[in-house]
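Chains as they are written, first to last, in this note's numbering: chain H, 1014 to 1310; chain G, 1014 to 1310.
Treat the hints with caution; some may be incorrect.
Which copy? The list can't say, so a pair holds if one copy fits it or any two copies do.
Claimed, not checked - DSS-like cross-link-like pairs, simulated, lysine-lysine; straight-line CA separation at most 30 angstroms:
1) Lys1118 with Lys1258
2) Lys1278 with Lys1046
3) Lys1180 with Lys1279
4) Lys1118 with Lys1272
5) Lys1180 with Lys1046
6) Lys1075 with Lys1251
7) Lys1278 with Lys1259
8) Lys1075 with Lys1118
9) Lys1075 with Lys1060
10) Lys1261 with Lys1046
11) Lys1146 with Lys1026
12) Lys1146 with Lys1251
13) Lys1180 with Lys1118
14) Lys1113 with Lys1180
15) Lys1046 with Lys1286
16) Lys1046 with Lys1118
17) Lys1146 with Lys1118
If you are wondering where the hints come from, they were derived from the structure by calculation, not from laboratory data.
So the chains spell out like this:
There are 2 protein chains.
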Amino acid sequence: MSFDLQEYLQSRKEVIDQALEQYLPPAERYPEKIHQAVRYSVFSGGKRLRPILLLASYELFKPDFHPALPFACALEMIHTYSLIHDDLPAMDDDDFRRGKPTSHKVFGEAIAILAGDALQTEAFSLMAREGLKSGIEPERVLRAIFELGESAGLNGMVSGQVMDLEKQGREYNLEELEFIHRHKTGALIRASVKIGGILAGAGEEDLTALSEFGERIGLAFQIMDDVLDLKGDERLGKPLGSDLKKEKATYPALLGLNKSEGQAKKLVAEAVKFLERFGEQGEVLCSLARFLVEREY
Amino acid sequence: MSFDLQEYLQSRKEVIDQALEQYLPPAERYPEKIHQAVRYSVFSGGKRLRPILLLASYELFKPDFHPALPFACALEMIHTYSLIHDDLPAMDDDDFRRGKPTSHKVFGEAIAILAGDALQTEAFSLMAREGLKSGIEPERVLRAIFELGESAGLNGMVSGQVMDLEKQGREYNLEELEFIHRHKTGALIRASVKIGGILAGAGEEDLTALSEFGERIGLAFQIMDDVLDLKGDERLGKPLGSDLKKEKATYPALLGLNKSEGQAKKLVAEAVKFLERFGEQGEVLCSLARFLVEREY
């Protein structure tokens, strides 16, 4: 029986969407505007790659992924908060994301800021609340919360975003570019994979392997994001070349398209070697890693 | 020996400031700008009332407050994040806070948004990391994290802030005003007190009493904040009457100054009754509650 990746992605996306639907307050709750704004961005057609990675990593060690589902949703909430804030006029000033007007375009800047803020809070709150009921050892839940915090905060995503803004329209070298990509996008992707292992009770050596794997696919993912900004198709939901227009620090701008794609593929090839220790169990994560560099949107 | 509240507040503030100093990355860390912005707002002369309440509540049950210190600092980080974001041009558009230019005035809007975002992340990350080392049962740490999340997110502070913005320059009734105050400020103050109890291993009845106490002093605190906006002294660090100018929903605007002060005092009188069960141990919290309505800045 061959593994149908598209079918797998679709069915996992449905499970995650259902869980998010359940974890977020209804759009009719008072004050309605904030709940509508939160839901607008969470359900705007994301591929759910990060939560899918988390669940796949958990399944390396455990047959039933359900105890990890709230954590997968929390990860997606953190990702969504970061997108809402990144799009703000003071940041990247983007009017469209995934083919739809961005949060501040629909709800105004104040509500967009608060919707991002709230999604971050709810992510941590959800992990603590559901973690207590999940049957997962509470020490492991705390370690997962810490790991997500580390990847999203001053040692991760926020610092990447700071440097991304700092380098816009300015000179940068490969080291600075790598810092941006590893922090802005890479850290959260690495955390996705590592948290799956932490929650499943993986040993330290397995966690190190997952971390090395995640580190490389995280960087490869952002390099491909840069590449797709130049040669993606309409499914990206935003105008091509927008990084170029904003004079963003990107791999294609520094190394050219071919070298960038080559670099992403090399990273994925390196990454999957770290999965060898998991044997057949590692094949799903391996397919997901390859998908990251072969996707067209 | 009589209890010197001013001395107590000062010595607790020093302990909390020292701990915050230790928990935040140094200002020289790369990328420097974000660490400078975070520190600028955290060390801008806050009174540390929320963390002081948390520690006092913990001390109802335990002789040494140190295990609760990281949680007290996390609370202050959440409070600081909310101030940075509240001051943004898209929100309250304030140029000064505590007599100093606000974060976006000094660092620009993008960095101010990111500094607020990062402080929120670091707060949760800190509780998880230090909670694991604190010797406090991990279930209680998780419950404390959940409690803080609940008070800061969609069921608390964020929704209060949404309605605060919504009602600016518009008509409002007492019920709506109470919603704003209970959520915007009250929820985090109530959580301060409750989290102290949770971490100390308080029983459910004690937690209910702390929650009722916190609920009332939280509302009283915000009513007095409204009052002080009209009659405070220069130690407030911002121009008097700024709520009035912005047509904010406030107690004095709806009920007048005298009735508002009366309401705050009544709430504190009700609140301290819930401390009776703790006997002499409750006296510090009782003094703190009275201080909230007697302060002049």
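| query | Can you tell me if Lys1261 and Lys1046 fall within 30 angstroms by alpha carbon in one copy, between copies, both or neither? | reply | between (33 angstroms within a copy, 19 angstroms between copies)
| task | Up to 30 angstroms between alpha-carbons, please classify Lys1075 paired with Lys1060: within, between, both or neither. | result | Within. Shortest intra-copy distance 24 angstroms satisfies the 30 angstroms Cα cut-off; inter-copy 48 angstroms does not.
| task | State whether the alpha carbon distance between Lys1046 and Lys1118 is at most 30 angstroms within one copy, between copies, both, or neither. | result | both (14 angstroms within a copy, 28 angstroms between copies)
| field | Same-copy or cross-copy closeness of Lys1146 to Lys1026 [CA-CA at most 30 angstroms] | value | Intra 23 angstroms, inter 36 angstroms, cutoff 30 angstroms: intra-copy only.
| query | Is it within, between, both, or neither for Lys1075 and Lys1251, if the alpha carbons may be no more than 30 angstroms apart? | reply | neither (38 angstroms within a copy, 56 angstroms between copies)
| Alpha-carbon proximity between Lys1278 and Lys1259, which holds within one copy, between copies, both or neither at 30 angstroms | Within one copy only: 26 angstroms inside, 55 angstroms across.
| query | How do Lys1180 and Lys1118 come out at 30 angstroms by Cα distance, when the copy is not named: within, between, both, or neither? | reply | both (26 angstroms within a copy, 21 angstroms between copies)
| said: Cα distance capped at 30 angstroms. Does Lys1113 pair with Lys1180 within a copy, between copies, both, or neither? | reply: both (27 angstroms within a copy, 29 angstroms between copies)
| Between copies, within a copy, both or neither: which fits Lys1075 and Lys1118 at Cα up to 30 angstroms? | neither (43 angstroms within a copy, 51 angstroms between copies)
| message | My question is about Lys1118 and Lys1272: at a cut-off of 30 angstroms on alpha-carbon distance, are they close within one copy, between copies, both, or neither? | response | So Lys1118 and Lys1272 fail the 30 angstroms test inside a copy (36 angstroms) and across (41 angstroms) alike.
| query | Is it within, between, both, or neither for Lys1146 and Lys1251, if the alpha carbons may be no more than 30 angstroms apart? | reply | The answer is neither: 40 angstroms in one copy and 46 angstroms across copies each exceed 30 angstroms.
| task | With 30 angstroms as the alpha-carbon cut-off, assign the pair Lys1180 and Lys1279 to within, between, both or neither. | result | within (26 angstroms within a copy, 55 angstroms between copies)
Figure legend: structure checked against the earlier numbered hints; hints not met, in rising order: 2, 4, 6, 8, 12, 15 and 17.
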